[in-house]
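Chemist: The lines below spell out each chain.
Protein chains: 2
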Amino acid sequence: MLQRHSLKLGKFSIRTLATGAPLDASKLKITRNPNPSKPRPNEELVFGQTFTDHMLTIPWSAKEGWGTPHIKPYGNLSLDPSACVFHYAFELFEGLKAYRTPQNTITMFRPDKNMARMNKSAARICLPTFESEELIKLTGKLIEQDKHLVPQGNGYSLYIRPTMIGTSKGLGVGTPSEALLYVITSPVGPYYKTGFKAVRLEATDYATRAWPGGVGDKKLGANYAPCILPQLQAAKRGYQQNLWLFGPEKNITEVGTMNVFFVFLNKVTGKKELVTAPLDGTILEGVTRDSVLTLARDKLDPQEWDINERYYTITEVATRAKQGELLEAFGSGTAAVVSPIKEIGWNNEDIHVPLLPGEQCGALTKQVAQWIADIQYGRVNYGNWSKTVADLN
Amino acid sequence: MLQRHSLKLGKFSIRTLATGAPLDASKLKITRNPNPSKPRPNEELVFGQTFTDHMLTIPWSAKEGWGTPHIKPYGNLSLDPSACVFHYAFELFEGLKAYRTPQNTITMFRPDKNMARMNKSAARICLPTFESEELIKLTGKLIEQDKHLVPQGNGYSLYIRPTMIGTSKGLGVGTPSEALLYVITSPVGPYYKTGFKAVRLEATDYATRAWPGGVGDKKLGANYAPCILPQLQAAKRGYQQNLWLFGPEKNITEVGTMNVFFVFLNKVTGKKELVTAPLDGTILEGVTRDSVLTLARDKLDPQEWDINERYYTITEVATRAKQGELLEAFGSGTAAVVSPIKEIGWNNEDIHVPLLPGEQCGALTKQVAQWIADIQYGRVNYGNWSKTVADLN
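Chains A and B supply the protein sequences, listed in that same order.
Counted the way our numbering counts, the first sequence spans residues 41 to 433.
Counted the way our numbering counts, the second sequence spans residues 41 to 433.
By construction, these hints were calculated from the structure, which means they are not laboratory data.
Everything numeric in this text was worked out from a predicted model, so none of it was measured.
If chains are identical, the list can't say which one is meant, so a pair holds when it fits in one copy or spans any two.
With a Cα cut of at most 30 angstroms, we get these calculated DSSO-like pairs of lysine-lysine: (1) K427 <-> K112; (2) K153 <-> K237; (3) K427 <-> K233; (4) K290 <-> K160; (5) K209 <-> K160; (6) K209 <-> K69; (7) K187 <-> K209; (8) K177 <-> K160; (9) K103 <-> K233; (10) K209 <-> K112; (11) K209 <-> K78; (12) K276 <-> K103; (13) K187 <-> K177; (14) K160 <-> K276; (15) K78 <-> K67; (16) K237 <-> K209; (17) K209 <-> K276; (18) K290 <-> K307; (19) K233 <-> K209.
Isolated chain A (complex conformation):
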């Protein structure tokens, strides 16, 4: 069985071909951790700092294809110092979450979206593609092994980090002939422990996160390290994150490591508009971004709302803020779900973004957070967004 993935690179459509054995969940081998850990108190959970007892590893080689999936005790990877992951950033990852529901099951939120994106990331840097459904099954098995460590309580979840790295030895720059796909999981608490905390952004045009013909739409390691220094710079000036601008028009693209949404009011028509940048190859194809757009289109009254993926600039934001047409703004991503924005530094001024009186977010931000939490925590069923991986009854 061969799996084909098609990837568009500029005007060329590229067909990548994963050769050798397909990824096969039925080959799973499990080695239990002899020292199972106890769940930590919820208040001790720090994002991505503690991990569960097990990890999933699946080796791949160009010759053999996907090898035996193995759930085994969490532990170090041993790699040759010439492995291509260390030199040429052959690496990509995903981030998704699993939740405990009131029905006492554990579900993953939209894992099909993450797997589809992971395959696109892999194809873009010549790492092997894989059968998405098989990795979803295997990830479910991994979570099942550590189900006692999936935290309880609203805002708490198990963060899942599928990762793929090139492991071929040798310093030639070329297509990796060996790779390792692995999944680790981390019990996490709410991004904002005490409710929302709106952030201050620095509109950033002196550093550029992504570029047409680049890889900014893929979840590659390469997109992350270069963004830390601009963040430190912004922090020095009192801003928590960068609002990434692009091009001579200063288009708004993303915020920090999240997609970003703005809400405008058209004072003439009285209609509101929810806006985010279009997926033009420079914007990460965020799962939360897609969830926000889908829910907004489904639930907001089209007489009152326009939902648009379009280009918009920092100048439009600044101008409409002055005219009282900027209503709210928020980032979207798996870790925080939504992250409200209160101020944006630009041209030595701060653009003020309205918040609800006495609160740390706008009305739509709050509404969207509630919609998504209700689905994630199993209080509301929505399409096939929740995938049950374990039944604790």
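Starting from the known structure of chain A, arrange chain B on it as the hints suggest.
Modeler: This is chain B only, laid out in the frame that chain A set:
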């Protein structure tokens, strides 16, 4: 002792501060490999595929600074699967070479340039900077341990790969608090075993290697993995490498993983011009690039030659080729030193680049290769470009 490095990011100058202990070569600890290997026959040497008996490792932490440098048997690295090098591409490297001279010494070629660039790469992604001279000393010691494996013969050398990776555990995206600097070495043969072999390039505007406000001028892993797929695409159409174009004017920037030079003739004045792209933040600050420019400015008659770092486009190259004003073109980099170009695919045509009759390179390409080889192999002394690391007498 604190070490400060200054880095310009857009309009802001950033001062990074390496805290804790400085890198100190005098603390070196050596654990000899109990199983020393024998040199392989020259004809078996493949670039970056076999390594010497020892490696150098130096750990760093934000708390302690640089730890004990250790030369020890070449072997695997053991890292937590959440280490930031695997997820966010906190990684950078250098490439330089050591040569055997007729005086029976081993020298490194311009290591000060590589160390300066390595520090700039580190500062750009918030990895620790270090004392360049100390790393040069330590690398010398490493080479001395494996001096019997430095190959003999013209075109043969020891390729040196200093590498730095972020090793902090945890999935938060931020400044690494732990890192590892390591150096591995690989005996290598000439890039072209049987003399030059001129290459065919595809002028590439559908994928973008680097952009303003990005990191294309630094030797970061992040710049490499995204360039493999475009290379495969070019290869499908019969071209060995991409000639990277940038922007609406289609400026020529680099070729594959090398800098690139073109030679034009001004038919009106009869003067020749050696051209390469300026260091505007999108061009790797190549050591070989600098050597070519320095030697050309030093040795070529200014009555006959202009040496220019300026913007030039694929349109200029195509037009001047048709007018008989394109004389030659070559890539420059540590691995191949110079790599002659014979054809460039653009707009469904091939631009033909002249070669010397019956040869695989142009006249200046040949001359530059000879100048540099004479210095590298110690036949000619030039400034302080050769740094002796071991005396075998």
